[in-house]
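Q: Please model the complete structure; the sequences and the hints are all you need to start from.
So the sequence lines, in the order shown, correspond to chains A, B and C. Following my numbering, the numbering of the first sequence begins with 1 at its first residue and continues without gaps. Following my numbering, the numbering of the second sequence begins with 1 at its first residue and continues without gaps. Following my numbering, the numbering of the third sequence begins with 1 at its first residue and continues without gaps.
The set of hints was computed from the structure by calculation and includes no laboratory data. Keep in mind that a hint or two might mislead.
Beta-carbon label-pair distances, calculated as ranges [to be verified]:
1. A/Ala14 with C/Pro27: 27 to 37 Å
2. C/Gly734 with B/Asp238: 22 to 32 Å
3. A/Asp121 with C/Pro27: 25 to 35 Å
4. C/Pro501 with A/Glu84: 19 to 29 Å
5. C/Ala439 with A/Glu73: 50 to 60 Å
Think of the CB as a built atom: it goes at the ideal place given N, C-alpha and C, for glycine as much as any other residue.
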Amino acid sequence: MSKIHVSTSINGDAVEYLCDPSETLLDVLRNRVGLTGAKEGCGSGDCGACSVELDGRLVCSCLVLAAEAEGKEVSTVEGMADGEKLHVLQQKILDHAALQCGVCTPGILVAAKALLEKNPDPTETEVRYWLAGNLCRCTGYDKIIRAVMDAAAEMRGA
Amino acid sequence: MRFESPDTIEQAVELLNTCDGISRLLAGGTDVLVQLRLALVEPDLIVDIKNIAGMRNITAEDGGFRIGAAVSGAEMGEHEGLVALWPGVVEAMELVGSTQVQGRATLAGNLCNASPAADSVPAMVVANAVARIVGPNGTRDCPVIDIPVGPSKTSLAKGEVITSIYLPARPDNSGDAYLRFIPRTEMDIAVSSAGVNLTIDSAGVVTQAQVSLGAVAPTVLVVDDAAKAIIGTKLDDDAISALQAACSAACNPIDDKRGTVEFRTKTAGVMAKRAALIAYSRAGGSK
Amino acid sequence: MVTEYKEGSVGAELGQREFKVVGTRPPRPDGVDKVTGRALFGADLTAPGMLHATILRSPHAHAKIVSIDTSAALAMDGVKAVVTSDDFVKQGGSGNQDTLDNCMARGKVFYDGHAVVAVAATSVMVANAALKLIKVEYEILPHETDVDAAMLDSAPVLHAGRKFRNIPEGNNANVSGFWEFGHGDIDEGFAKADIIVERSFKTAATHQGYIEPHATLATMGPDGRGEIWVSTQGHYMVRDLSAAFVGMETSQLRVTAAEIGGGFGGKTTVYLEPVALALSKKSGRPVKMVMTREEVFRASGPTTSSSTDVKIGMTKDGRITAGQAKPRYQGGAYPNITAMLGAMTAFASYDLEAVQTQAWNVLTNRPKQAAYRAPGAPMAIYTVESVIDELCQKLDLDPIEVRLMNAAKKGTLSSYGPTFDEIGLVATLEAAKAHPHYAAPLGPNQGRGVSCGFWFNFAGNTSVSMGINEDGTVSVIEGNPDIGGSRASISMMAAEELGIPFDKVRTIVGDTNSIGFNDVTDGSRVTFSVGLATIKAARAAIQNMCGRAAQVWGIDADAVDWVDGAAVPTGHNAGEFPPMTLAEIAADSAKTGGPIAGHHEVNADGAGVSFGVHLVDVEVDPETGFTEIKRYTVFQDAGKAIHPDYVEGQMQGGAVQGIGWALNEEYIYGEDGKLQNAGFLDYRIPVASDLPMIDAVILEIPNPGHPYGVRGVGETGIVPPLAAVANGVSHAAGVRMSELPMSPPRILAAIDGAK
Ligand SMILES: Cc1cc2nc3c(=O)[nH]c(=O)nc-3n(C[C@H](O)[C@H](O)[C@H](O)COP(=O)(O)OP(=O)(O)OC[C@H]3O[C@@H](n4cnc5c(N)ncnc54)[C@H](O)[C@@H]3O)c2cc1C
Ligand code: FES
Ligand code: FES
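A: What follows is the structure in structure tokens.
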């Protein structure tokens, strides 16, 4: 089976990889590029743990073929902090204790970041619907929603 | 499995037409990748259509809009003109999956996956949407309603690709709406659904209407009796009840893990009733 | 929100202690790793030369394995090893043998998804391709997945010839357990009642639904030594079972717990670990195994489904005169004791003169059940709380008043035997009654539901060790995987006891070779037991440090106290010396006798039971049967809340899992005995937009069994929602619901049926 050569950008870094035609972007991020921040909770688009941005669009990386990333820009949770400085959303998730096991957290962060880029002042209902594709089994969502709303407020103020 | 991402529609058609094994077009991939994952299909060839020129555009045409086959649901929702003209179609597409799925899923993919529960299809059908198809024998236009012929089956011939879907112009004082029933608020497949498109006159009387139902038969149902029940009315209670009854009567659903026959039959009527009221108010009617 | 409990003499001494660190909300030590993607969960680990293994699973609900031919798979390029049940060691105890047989079917497959063969290869793709070349010949047998049907004489028998203990005459061969609890004269009790309600209920099997699928990486060399990295709730359990199953000594296997992406009881047993180890043993290479989501649903977890008859008698003014419950649970193809826990908890909230519970466990062709948060209690308490609600409705009595009138308190002989010590049910009910939620007006098609809930809480075997570092910081090692922030709570208790700031302490979860044995993270035991052991370990270190100060000062060790993180003389008689801080003592430790450490090992006791009360407002769409949760408030006796954020988090998370159980989650089997909804699209756990904020009111009734008054808080929260939501829906829809989940088709059918 011949492999496909892909040149892409991940979190601003130029990255090249060889992938199998059937491999997903999630597979490649985790197994070939060494970025295990995106998680596989289902592999079928239902849980959002694998969320990344592809050319600025929020997607499930388990529903993207690795070959499709050619010439695109991929952003993952690993690219959110600026060096030592956490992104406001990351800090707010910590401040609100909005994680228990933390396996959903990378996906929630990437999805929430995409939301606030599009809508800096979302209502609670908007946050809940935007994040409906990010399953969290531990928290009951309460603290996550609060953290995102608080981050939005702080980012608007700043 | 081979992956190809051609730049032209001709190349895409050629690739599909000359493939001896199983081939799949890849638009948003939100159905295709799930099927690959579950090994429901093991294609020899995947043809990504997203790099073909024009496939990602929404263009105004004769008072309507032509939506490229690779335009995602999210892009539709961000297009003000489209939302203003066909809010029901856009809201139907926006119900598909999560925000993440929205970033990828397409109208054409939803149509060609040919699920009886596909959300955009009942809305496109009442909008009289037309698919433009390019194949080995050239280009043709086909009403959306004629594309799905059964669960997972379409009328497309080998090598044929939908390049765009056209939503036509509409008279003033028109409105459309789509509603579905799901057990949660999100992330579910429709248990029953309904699309309604109607036009009213200055007195608020419905002058033309179309009503469709999803997930209650092998393919989308157009319920003429339901449309007739509201044409010539101001959507008074009797008209609404008649529409609801006509919809329930038209249902031919199955019992499965997502809902019973009785439940689907009943809620399809309820969805149609509520969708009609929304469409009516979008048309400018007040009750 | 934390409500201080001040009244009375309850834990007076505990109630008065002024905490410095405990009760604050510092950030968790693993937090930054988890928000940056650095944290390593089960599937994130790799090893050089690693193989990938996948499993061939039974497509049948019940069948005899006639033959297995793996030759073609083994011959395939890239395939390095194949194992079947023949590659494992027969176990002495039937419990362990069942667990092993569940990991790899022996002779028979008992459910759709039961593991039959595993293949290790150079990639997942190669392994999966190899699975297709394996030929398994099955002789298909009749199957049964329903609990009541499996009890009938006509039902297919799963384990023919196997004898189970204490099964009364008249039960068929699928009944693998029977238990009975209670006291008082039940007939006399019913005779005193003004009204008796008798009803039958059913609940569907639900899955724990952790977002991280099971994942493990095992390696074993020709020297017979092994290592496992795994996402688990108990790495000592993984070590003991895996070593036994592949036939090695415990000491030769070292198990390290990865970060765990949720468990809720579902990761308290082994599935992949012994299989990966056996494959590594055969291939001589590290082997990684990760379940797909479909495998998680088909072959791990779930909890039991149930069918229960309940009968309760009440006087006109609301006093319960007698209660009887007969729960029958199926927990899949192997025996378990979940039904017993159901029988024990059913009436635990009430102070009753006459109570009787009898429980049956029944074998069916479904996956071997695994613990799920307060196993057995939610479904049992759901039935009792539903009937109590119906009695209140019939008698036109306030549901909280009636519960207060009957509530268990200190000194109550519990329905399952022991007499309660300090407990918080009355305080919890009072808090609910006084809360604005309880008085808020309801709109059309809305209903309010109330339910109590109870859980025992476990304690158990625990080891903790801590080193006092020369720079005045403290390193704590515990042995329980952290599933909800427990490393933070343990650091807080260590800091509190030692009298130093939180950020001077770092707690890690050690591997199985670093400290003594630990029971799994379950039964809400960690903050209680590990906390207890940590406090005791700190006290051992303090004693040592007081000795060092005494040595320096040249006074008796008895004449030194530990105050605010420093050794001080007990009084003037002891001598006049300035306090010697932990950091000062530590810095000089080499001169005063060497390293300073503390450790504690205990089979802890005194966990302290916990009660909760939930209030919910729901709105039911009368035309579709759709239920919306409008408002939700949890009241729970948490004992002392070490880190209130995490206590609230447990209460909120439990409530939402219970809401899912009540409304939409269920295992759906077809006529063919196959699971029809093995994915998150059709196994419907609550999503963010399904819910309102979940208000959490913590009541702190100190547990006399813990130095700081801690009770377990992890499980009680999932118990009340089933009945609270059911009672709310029953009021909103105007018809009594008796089957879970209350999915829209069921509610609509009930509404239409009542017309
Ligand atoms: C988590 C999740 C939730 C979902 N929820 C919903 C939902 O609520 N409602 C719903 O209706 N669907 C839902 N879906 C299904 C899916 O998202 C939709 O059907 C979507 O619209 C498919 O579009 P796509 O572009 O991703 O299609 P693809 O997966 O790319 O293609 C789908 C099919 O159409 C064919 N095809 C694609 N483009 C063309 C073309 N231009 N010409 C001819 N054939 C073509 C493909 O070969 C394939 O057979 C869900 C999927 C997921 C993963
Ligand atoms: S892993 Fe991609 S959505 Fe679950
Ligand atoms: S914190 Fe565990 S799944 Fe969200």
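Q: A separate judgement is required for each hint: does it hold in the structure or not?
A: These are the hints, each one checked on the structure:
no.: 1; hint: A/Ala14 with C/Pro27: 27 to 37 Å; in the structure: holds (35 Å)
no.: 2; hint: C/Gly734 with B/Asp238: 22 to 32 Å; in the structure: holds (26 Å)
no.: 3; hint: A/Asp121 with C/Pro27: 25 to 35 Å; in the structure: holds (27 Å)
no.: 4; hint: C/Pro501 with A/Glu84: 19 to 29 Å; in the structure: holds (22 Å)
no.: 5; hint: C/Ala439 with A/Glu73: 50 to 60 Å; in the structure: holds (54 Å)
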